[in-house]
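Undergrad: Line by line, the protein sequences are chains L and V. For the first sequence, position 227 matches number 227 in our numbering, and the numbering has no gaps at all. For the second sequence, position 233 matches number 548 in our numbering, and the numbering has no gaps at all.
Hints listed in this document are in silico derivations from the structure and should not be mistaken for laboratory results. Incorrect hints may have been included.
Computed from the model, here is a short list of chain L residues facing chain V with C-beta under 8 Å [claimed, not checked]: (1) Ser-75; (2) Arg-84; (3) Gly-156.
Listed next, the stretches of chain V that the computed footprint assigns to chain L, with coverage defined by at least 3 CB atoms under 8 Å from CB atoms of chain L [stated by the list, open to error]: (4) 346 to 354; (5) 390 to 400; (6) 533 to 546; (7) 593 to 601.
All C-beta atoms, glycine included, are put in the ideal place defined by N, C-alpha and C.
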Amino acid sequence: MFSRRKLLGSAGAVAMLLVTATPSWADKVVIGHSQPNLGWPYIAAVTNILQEEVKKHPDVELVTLSADGDIAKQSSDIGSLVNRKVNVLLVTSLDGNAVVPALKQAVDAGIPILAVSNEPADAGKELLAGYSGPDDYVQGVIAAELLHEALGGQGGIAIIEGSPGQSTTLLRTQGLNDRLAELKSGITVLGAQTADWNPVKAKDVAQAFLTSYGDQLKGVFAQDDNSGAAAAEVFKAAGREDIKVVGTGGTKNGLKAIKEGLMYGTMDQSPTTDAKQALDLALKIAKGEKPAEKRNIIPMPKITAANVDQFKGEW
Amino acid sequence: MRISFMAKEPIIVHLFVKPPLVPLLVAASFIEGFWSFGNLRTLMESISTDGLIVIGMTIVMIAGGFDLSVGAVMAMGGVAAIVLLPFGLSVSLLGAVLAGGLAGYLNGLQVTWLRINAFIATLSMMVIVRGATLAYTDTRPVVSLDEQFLMLSSGRPVPLPFLVLVGISILAHVALTQRPWGRHIYAVGAGELAATMSGLNTGRLKRQCYILSGALAGLAGVLLASRLGTGSPIIGEATPLIAAAAALIGGASLRGGEGSVAGAIAGLIFVGCLINVLNLLDMPSYYQRMTIGGLLLLLVVADGTLMRLQPR
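Turn these sequences into a full structure, and let the hints guide you.
TA: Written out as structure tokens, the structure is:
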């Protein structure tokens, strides 16, 4: 049993590797960013742009931690950033409620928080120095308006949702429902199914909608463009090009689908605008300034075939 | 049949070799902030809930099984705790633990009565429990900011969940090493037939292991929900894999009959510290995963090689 000491050699090698790089962050403005999952295209795009932008400020350092889709890890990540005494904490929450206790920790440590790209729940909002990013609820509202206009206020629609349980998913659905009610639209929501932000799954969901709702189905709200474009392909293959698909995000795939007439419309959510605005605000907060507005919503213009050429698709 | 299940490895093995915990901690000392109070607290918080699950997983693995359902059961436990909170804190705690234990019992029934392979049995339970939790909550997280409930995960300087982990580790260690029950579990895992021949009720012993694993996952869910103020139906997807990695790094084996609480805890602290250190060094998370995966492979292969080189 004791002959296994040879393993010590390999352990030593690991130890050597670990000590060679000791970070230094003295005298710099350190911005800590807790991201939900760098594997998601939008989140990755924002982080890439932030990193590019930070290079223009030699006295600023950006530390990004990815929770990899794990709510508990995000809470620990925020704890780590608080322990490192970052000057400003940026948080893009995976779950708007579950981050609240971690945000309290940051406030107790005197670290100002800027929520980026999505907002925490109400209990968390009062802890923030500010919010910068799109408004998921308004995206649902815009989708309702696009569908209302595309269908002339008549017919059944279905929703291809993002991952269940996420604030983004819940708010986009709620925004859609609320706005349809406000508009007194004749549109009825036949059903909703999750595609987990996954276009492959979205194709299955689209097929299932065709089977269950048949001719009743006149429109679809896809909570991300990639899923919307994938669903539109299924409808085209089934000879149901009359189904109006509205996506979310203004991605390359979404814009292409609109140009080709597959999708009716979407709304833009630019990671460049999102990242730049967040960095500007973060630097202000680091200097001790208060942002003029607490909620800083980036513009989310509607995109349809009429104006699609004005957008380039960033992600 | 291998005879190693009788041999208890001294704790020192788990500090230096399986896993190389002390060398890691020494290396970590060179990183600014590792030994800071705040960092240690974050570390303790993050390993406490996983720790309870690792203990359950280790016991099941010693008995020759595996439990893929722990992450889903943890999510169910957290949701159950918050849903039951209006009936009082003790009802909420007890309810979550019982619900977890029930899921574990069903796992045990599948494995022992229906003779389904442990991976398949607990995979099906994982999907059923996850689906039921999502259905019950309508995919929405349930939230509570009840002071008493949040207190469960507070405590200074040492967070309460960590004390719970220490207490349960000691209980499990004593049960496995000082009680006949522990010997029987090792015997079942090392060779079920031999264990049956020597008069052990192997089915009941296995079911007890699964019940323990489920109940501990339920408890972990309560503590996690308290830490987050939220019972999320989608939490813990990667938990069974992390728990298995920690147990394997700490000396448990898929062949059964091997492993110990001390090893599992050492494995857990090792993985927790490694992630923490890599975070402090700004290593992107995907490289962190690769590092942990590579290390798991390295340690398991080295263990197997050394085992073969040993004179029998």
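Undergrad: Against each hint, give a clear statement of whether it holds in the structure.
TA: Each hint tested on the structure:
Restraint check, L:Ser-75 versus chain V: the minimum CB separation of about 6 Å is within 8 Å; hint holds. At a threshold of 8 Å, the smallest CB-CB gap from L:Arg-84 to chain V is about 6 Å, leaving the interface hint in force. With a cut of 8 Å, the hint placing L:Gly-156 at the interface with chain V is violated, because the nearest CB-to-CB distance is about 21 Å. Figure legend: the segment 346 to 354 of chain V, annotated as covered by chain L; annotation consistent (6 residues with Cβ-Cβ distances under 8 Å, at least 3 required).
Here's how the segment 390 to 400 of chain V fares: 0 of its residues keep a CB closer than 8 Å to some CB of chain L, so the rule of at least three is not met and the hint is violated. With 5 residues having a Cβ less than 8 Å from any Cβ of chain L, the segment 533 to 546 of chain V passes the three-residue criterion, so the hint holds. Counting residues of the segment 593 to 601 of chain V whose CB lies closer than 8 Å to any CB of chain L gives 7, which reaches the minimum of 3, so the coverage claim holds.
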